[in-house]
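Asks: In case you want the letters, here they are:
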Amino acid sequence: MYMRNFTLLIFIMMNYAHAETIQGPNLGKPVSSAVVDRWNRDIFPNGEGLPTGAGSAYKGKIIYQQQCLSCHGVDGAGGSADELAGALHSLTDDPPDKVVGNYWPYATTVFDFIRRSMPLHAPGKLSNDEVYAVTAYLLALNGIISEDKIIDNNNLSKIEMPNRDGFINTFKK
Amino acid sequence: MENQLEPVAGGGLLDRRLFLKRGLVFSAATAVSLQVFAKVKPFDSNLPAWMLKPGEPFSNYGEPSPYEKSTIRWKMENSMAPGNGVSWTPLHDLEGTITPNGLHFERHHNGVPEIDPKRHQLLIHGLVEKPLMFSVDSLLRYPMRSLFCFIECGGNSNAGWRSKPIQTQAGYFHGMASCSEWTGVPLSVLLHEARIKAVGKWLIAEGADAAAMNVSIPLEKALDDCIVAVYQNGERIRPENGYPLRLLVPGWEGVLNVKWLRRLHITTRPSMTRNETSKYTELLPSGKARQFSFFMDAKSLITSPSPGYKMDGSGLYQITGLAWSGRGKISKVEVSADGGNSWAEAQLQEPVLSKCFTRFRIPWQWQGKDIIIMSRAVDETGYQQPSRKMLIAQRGKHGYFHYNAIVSWKVAADGGISHVYA
Numbered sequence: 009m010y011m012r013n014f015t016l017l018i019f020i021m022m023n024y025a026h027a028e029t030i031q032g033p034n035l036g037k038p039v040s041s042a043v044v045d046r047w048n049r050d051i052f053p054n055g056e057g058l059p060t061g062a063g064s065a066y067k068g069k070i071i072y073q074q075q076c077l078s079c080h081g082v083d084g085a086g087g088s089a090d091e092l093a094g095a096l097h098s099l100t101d102d103p104p105d106k107v108v109g110n111y112w113p114y115a116t117t118v119f120d121f122i123r124r125s126m127p128l129h130a131p132g133k134l135s136n137d138e139v140y141a142v143t144a145y146l147l148a149l150n151g152i153i154s155e156d157k158i159i160d161n162n163n164l165s166k167i168e169m170p171n172r173d174g175f176i177n178t179f180k181k
Numbered sequence: 003m004e005n006q007l008e009p010v011a012g013g014g015l016l017d018r019r020l021f022l023k024r025g026l027v028f029s030a031a032t033a034v035s036l037q038v039f040a041k042v043k044p045f046d047s048n049l050p051a052w053m054l055k056p057g058e059p060f061s062n063y064g065e066p067s068p069y070e071k072s073t074i075r076w077k078m079e080n081s082m083a084p085g086n087g088v089s090w091t092p093l094h095d096l097e098g099t100i101t102p103n104g105l106h107f108e109r110h111h112n113g114v115p116e117i118d119p120k121r122h123q124l125l126i127h128g129l130v131e132k133p134l135m136f137s138v139d140s141l142l143r144y145p146m147r148s149l150f151c152f153i154e155c156g157g158n159s160n161a162g163w164r165s166k167p168i169q170t171q172a173g174y175f176h177g178m179a180s181c182s183e184w185t186g187v188p189l190s191v192l193l194h195e196a197r198i199k200a201v202g203k204w205l206i207a208e209g210a211d212a213a214a215m216n217v218s219i220p221l222e223k224a225l226d227d228c229i230v231a232v233y234q235n236g237e238r239i240r241p242e243n244g245y246p247l248r249l250l251v252p253g254w255e256g257v258l259n260v261k262w263l264r265r266l267h268i269t270t271r272p273s274m275t276r277n278e279t280s281k282y283t284e285l286l287p288s289g290k291a292r293q294f295s296f297f298m299d300a301k302s303l304i305t306s307p308s309p310g311y312k313m314d315g316s317g318l319y320q321i322t323g324l325a326w327s328g329r330g331k332i333s334k335v336e337v338s339a340d341g342g343n344s345w346a347e348a349q350l351q352e353p354v355l356s357k358c359f360t361r362f363r364i365p366w367q368w369q370g371k372d373i374i375i376m377s378r379a380v381d382e383t384g385y386q387q388p389s390r391k392m393l394i395a396q397r398g399k400h401g402y403f404h405y406n407a408i409v410s411w412k413v414a415a416d417g418g419i420s421h422v423y424a
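For the record, the sequence lines run as chains A and B. Plus 8 on top of the position in the first sequence (first one is 1) and you've got this note's numbering. Plus 2 on top of the position in the second sequence (first one is 1) and you've got this note's numbering.
Pulled out of the complex, with its shape left as it was, chain B reads as follows (with noise of 0.2 Å):
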């Protein structure tokens, strides 16, 4: 039993099955001082007020408590449009796998618009034998599944790719990427009901916002795994995310994710629209741009602890974040707590799904010195998530677009925690 306590890695990383043994926590709690608990006062005798009178009553739609208004999205709005930019989802402030509708991440090219569902329609066209329009309520009718699966903006984490180490909380560098249970009817129903032509290889989705954004998707992907999604976390798709229809792909760069979605239309070849040619491609320092790079490869990071909180004195901690892959599952986390020289291997919460988010977990005594934590994922294909100097090697610094390397954290002595390069 003692030999859990003994590090398993630099820096004080302690066996991932630590906190998995029942009642070894209390004889650990002997054995190291485990400040979190020995700062709990014990309740005082008076009972507290909210127990001294009714409560509040029934709501029709429950909202987060009044103490919990620092977990928000942090919005970057274009000043001469207020619909035109991002929101991100606070994953330092969140735990678990889901995020939960109203944090959900957004990218809006024209606002968000506000759909009467009895006049929005979808068509599909194309390369089909039968052009078909469904109503949302026929598509209600259909048979449905669900995908647990992240959906991850390519401009995600683009921060990464400065030269100076951007200062601000995990989610709002990290977090243009949130996890939801997406439920909705498999596209390939739909098209086959549509009976495609062989010769169709393409696929160009449209969405019904202000912007009517539209990008090309490879038909084999379509009749793979992408839904048309109606509901998000078990309720109707809030409106920033696609209400009523979303179209889902999962794994793939978010922008293919396509909100709002009124029209499909079956092709041989691409569109070409501005948002697979001018934006969402990745230049290189050859002068060549990566395109159609639909994968968002393997990424991981320590949502706690992060930049933004400060530990609460030496002890015994835990270390926790993400990890996802868009190529499928997470196999492995391992983390490291003295800068890369050793890693240990996190536990990974079950159950471990496809293309979603993965929480990982891991024990940690913190000595109270100066020290960088980090986190590396690798995913069932053996991709490893790169480090900075492996991705800057590969694609250069001016990609803008899929940065997925190596986030590093530095804890410092006197407790306060920042984002270095390591």
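Only chain A is shown next, with the shape it has when bound in the complex (with noise of 0.2 Å):
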């Protein structure tokens, strides 16, 4: 009886000692650095996690022409995918016009999606510089840079696009 009742007080502690904490089974396996530097491929605002490379936007249009073109039109606009550049209204008209020149807070961001994410029909197909060439071809287009500058992992960060100040962070943190 006293033993029952016991047992009965410790299963009672354990299971609010498990409301705090659920034990798992500790399954997870741990991993090298140089495999998750092959599996992250995050990059941040500042610059960090672009990986080594440069391009141009003489190259960048090659490649977008080749690669891009067929779905987000002439010079980035007019196709049947998102318009990337052009835009005829600015964000306060009715209606306005959202293009990376003009809506895009970072330019690290252009080049990690289009890392990612394009073409479309084949992603991760472009090599690193072939991805910084087409984001500075993409970048040239909107005005923000030169045709001939070269856009590179140590400079891309440091463009500053003209919305960069564009957004209002609605969530406290």
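Some hints could be false.
Computed cross-link-like contacts, DMTMM-like style, restricted to lysine to aspartate or glutamate with a CA-CA straight-line distance of at most 20 Å [to be verified]:
1) B:Lys290 <-> A:Glu168
2) B:Lys166 <-> A:Asp102
3) B:Lys399 <-> A:Asp101
4) B:Lys281 <-> A:Asp101
5) B:Lys203 <-> A:Asp50
6) B:Lys331 <-> B:Glu237
7) A:Lys37 <-> B:Glu131
8) B:Lys281 <-> A:Asp105
9) B:Lys391 <-> A:Asp102
10) B:Lys290 <-> A:Asp101
11) B:Lys132 <-> A:Asp50
12) B:Lys281 <-> B:Glu108
13) B:Lys203 <-> A:Glu56
14) B:Lys199 <-> A:Asp50
15) A:Lys37 <-> A:Asp173
16) B:Lys281 <-> A:Asp173
17) B:Lys281 <-> B:Glu79
Beta-carbon label-pair distances, calculated as ranges [stated by the list, open to error]:
18) A:Asp105 <-> B:Glu70: 20 to 30 Å
19) B:Ser420 <-> A:Lys37: 54 to 64 Å
20) B:Lys71 <-> A:Thr60: 25 to 35 Å
From the structure, some residues in chain B lie toward chain A, with a derived Cβ separation under 7 Å [as the list claims (entries may be wrong)]:
21) Pro145
22) Arg276
23) Glu347
Rather than coming from a laboratory, the hints here were simulated on the basis of the structure. Note that the Cβ used here is the ideal one computed from N, Cα and C, for glycine as well.
Build the complex: two chains, separate frames, hints provided.
Replies: What follows is the structure, given as structure tokens:
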């Protein structure tokens, strides 16, 4: 009788503890930093995560015409997919036009998105240099850099996008 | 008893408890003409054909009745890339609160990957003491819990911003929202196993699809109520909903519920991915845009009667619909049958769960005249679903995402139903 009550008490206490932190079976396998580096492809506005490489709009234009134009149109507009350049209206017009040049707050996002998701029919196909080049081309199309500027892993994050301060963080952090 | 048949608000809305009183429906049948019952013909004495021969054999995996072929997701795909687009849940054809797995809405950026679960892994890394890799099989051994919750795309109902009301069925307008029982491993268990460092504030989640979809999520939400889901309504998650692993972020924008989850990166700051800058941000009239507007605020709509259906003559009907809020439980749904002049409280079907579809119902005596019906929800934080005018006054017309205004249907004297701005 005494034992049973005692066990019950422990059981209740254990359940209480479980409500705080549930104990898992600890089956995660530790991984080396080399594996993490291979998997991690995140890029941050300060340039952290950008791979080594470089490219210019001149080269980027050729890649764009071969790999992107069919969906995004000549000069980044008028295709079946999202408009990338050539906004006819501003953000305060009715209707507004949102493109890379007047809406995107960070140039690093352009690189990150193209590297992970584009071209839609063959993502992951472009080399890092090609992604830098086509990023440079989109930035040049939007009038943010000149056509001969070489974009690389050191200077991409330093490019100031016109709409850098255009966002209101509605979440507290 | 007769009092229950007295309208409680304009347009013939009756007391929400009417259908709950046992026997009352029958006495009501004598008091008001119950058109629905009146039209049922008595059975023929001949047995139907399906009682005169053995039925179909068993099936390994059941399918809906061939007579329900019209209950489908409506698809809108990119002409250049069929895996890019959306499909809507036919909310107007469904009852209850749980969405059948084959009808859960879809938003894919670049198609549905066919993932071999034996070759899929989940990596947790970044600001942790121990970066860890989990196989799908290993996750199946963890203690699990279920969340009954909705997932709603931030772009749901966006046709509401248009200057003219869209004429389509309710689900093909508001059905980028679905509700399931999601079962999986509490994310906090996995994060604690990797031992997060105190400086960690955000978590970047990545999917294993051809878009390698990635978004940033505040760590406090991840530790609060997120799960790595493995099951959807009791069976393994469907490929189009993230098989084999999906991150569930209850009550927050659909895009955060990363499908085909492969990687969680603990950081001090967001990555500013394309899907939290270029998209899923809401442009305001000032030219500034709202960012990280994670919560899906309270919304409700009447699913029956709704556009596409025709009223079957005047008489007693049940108005029913769905309400949900990303901030908690629905505390009240009111219905109007006179264009918003007067409102009556609808019955909420139990159980009313946090961040979950809530079914509401109210009896209604339609007099066969032109009338506008609408619903509005209040959640447990006291937030009330806004009128379209109020929403536009606050946000302008070009926010695209997070449209949650009151939805109005016009019931015409001829029985036709259309979408109106009222």
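Asks: Decide, hint by hint, whether the structure agrees.
Replies: Structure-based check of all given hints:
1. B:Lys290 <-> A:Glu168: 17 Å, holds
2. B:Lys166 <-> A:Asp102: 15 Å, holds
3. B:Lys399 <-> A:Asp101: Distance of about 11 Å is within 20 Å: holds.
4. B:Lys281 <-> A:Asp101: 18 Å, holds
5. B:Lys203 <-> A:Asp50: Holds - the C-alpha atoms of Asp50 (chain A) and Lys203 (chain B) are around 16 Å apart, at most 20 Å.
6. B:Lys331 <-> B:Glu237: 26 Å, violated
7. A:Lys37 <-> B:Glu131: At roughly 13 Å apart (the allowed maximum being 20 Å), Glu131 (chain B) and Lys37 (chain A) satisfy the hint.
8. B:Lys281 <-> A:Asp105: 13 Å, holds
9. B:Lys391 <-> A:Asp102: 17 Å, holds
10. B:Lys290 <-> A:Asp101: Judged against 20 Å, a Cα distance of about 12 Å means the pair holds.
11. B:Lys132 <-> A:Asp50: 19 Å, holds
12. B:Lys281 <-> B:Glu108: 17 Å, holds
13. B:Lys203 <-> A:Glu56: At roughly 17 Å apart (the allowed maximum being 20 Å), Glu56 (chain A) and Lys203 (chain B) satisfy the hint.
14. B:Lys199 <-> A:Asp50: 19 Å, holds
15. A:Lys37 <-> A:Asp173: Not OK: Lys37 (chain A) and Asp173 (chain A) at ~41 Å, beyond 20 Å, violated.
16. B:Lys281 <-> A:Asp173: 16 Å, holds
17. B:Lys281 <-> B:Glu79: 18 Å, holds
18. A:Asp105 <-> B:Glu70: 20 to 30 Å: 43 Å, violated
19. B:Ser420 <-> A:Lys37: 54 to 64 Å: Roughly 58 Å apart at Cβ, these two residues keep to the hinted range, so it holds.
20. B:Lys71 <-> A:Thr60: 25 to 35 Å: Violated - the Cβ-Cβ distance for Lys71 (chain B) and Thr60 (chain A), about 55 Å, lies outside 25 to 35 Å.
21. Pro145: The hint holds - Pro145 (chain B) has a Cβ within 7 Å of chain A, the shortest such distance being about 5 Å.
22. Arg276: 4 Å, holds
23. Glu347: 31 Å, violated
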